[in-house]
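Visitor: Can you build the whole structure from these sequences, using the hints too?
From first to last, the protein sequence lines are chains D and W. Each step along the first sequence adds one to the number in numbering that gives the first Met the number 0, with nothing skipped, and position 26 is 25. Each step along the second sequence adds one to the number in numbering that gives the first Met the number 0, with nothing skipped, and position 87 is 86.
The hints are simulated quantities; they were obtained by calculation from the structure and are not laboratory data. Heads up, some of the hints might be wrong.
[Claimed, not checked] From the structure, some residues in chain D lie toward chain W, with a derived Cβ separation under 8 Å:
no. : residue
1   : Ser1
2   : Phe13
3   : Asp22
4   : Ile23
5   : Ala35
6   : Ala40
7   : Gln59
8   : Cys78
9   : Met82
10  : Pro97
11  : Ala103
12  : His107
13  : Ala108
14  : Val109
A virtual CB, placed ideally from N, CA and C, is assigned to each residue, including glycine.
The residues making up each chain are set out below.
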Amino acid sequence: MSEYLIRFLLGGLFVSLFSIIGDIVRPKSFAGLFGAAPSVALATLGIAWAEHGASYVGVQATAMIWGAIALACYSIVVCQLLMRAQLGALAATLVAMPVWLLVAFEFHAVAG
Amino acid sequence: MQIGLSTSPLANSRWYEYVIRFVLGGAVTVFTGMISSEFGASIGGLFLALPAIFCASATLIERHEIRRKRDAGGEGARRGRGAAALDATGAALGSVAMVAFAIVLLVTTSWGAAAAFACASLAWVVIAVAMWVLRWIVKRGIRRARARR
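Guide: Here is the structure:
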């Protein structure tokens with residue numbers, strides 16, 4: 000239970016920190032970089048390293064590569080849905096979610 | 000190209016927006032840990048790049064812009080979508096940097112935790128900024144070519 004509490008606090012802290020940085024930097028496209036900052040990864044991998052060691056973190060980092068490629072595809076689709084389909088931000092980000100799942104799991108299945 | 004800082008968005012944000020981000024960030028981190036415990040490190044690793052937080056941040060950005068435009072007497076929906084789209088463009092570039100983060104972390108695990116995280120974080124910053132500058136140069140080139148025509 001305490002492990003999940005630490006995860007929650009660390010994750011919340013890192014995400015909030017990167018969000019605040021994203022809020023204060025300009026222009027907006029530059030601030031958007033912080034929307035894909037490795038905030039969850041820093042918290043999760045830090046705990047994983049302490050608990051399971053470097054090899055476990057290596058496995059997670061390998062899979063993270065595929066997740067990040069999927070995030071790039073997802074972000075491009077969201078951008079298109081906002082500008083071309085004229086969906087609102089919440090709708091666009093939710094509608095595009097299957098893209099992330101599909102690309103991430105497809106890469107994971109093919110590349111391991 | 001001017002990268003700058005402005006603290007005014009912090010003053011315009013509502014307190015609950017910070018709470019939402021904190022809770023969502025914490026929840027996603029717990030969720031990722033649970034996925035790793037249940038399905039293994041490899042599947043859990045995929046979820047380190049889950050765009051759950053992006054959903055919230057894009058929605059908040061859109062709302063800020065709509066609110067700002069309405070305060071000035073306009074409609075704001077289009078402006079809000081444009082701001083969220085710009086954020087998504089930045090996130091796409093940041094994702095490429097996230098790939099670099101993961102690769103550098105993978106390569107440097109033998110150096111110890113502190114060195115590996117420091118190198119990976121530095122790689123993220125360098126690649127993210129480089130990608131953004133590259134995009135700016137390409138856009139400027141396109142704009143100039145169009146103007147010449």
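Visitor: The structure should be examined with respect to each hint, and the outcome stated for every one.
Guide: Each hint, compared with the structure:
no.	hint	verdict
1	Ser1	violated, 12 Å
2	Phe13	holds, 7 Å
3	Asp22	holds, 5 Å
4	Ile23	holds, 5 Å
5	Ala35	holds, 3 Å
6	Ala40	holds, 4 Å
7	Gln59	holds, 4 Å
8	Cys78	holds, 4 Å
9	Met82	holds, 5 Å
10	Pro97	violated, 12 Å
11	Ala103	holds, 5 Å
12	His107	holds, 6 Å
13	Ala108	violated, 11 Å
14	Val109	violated, 13 Å
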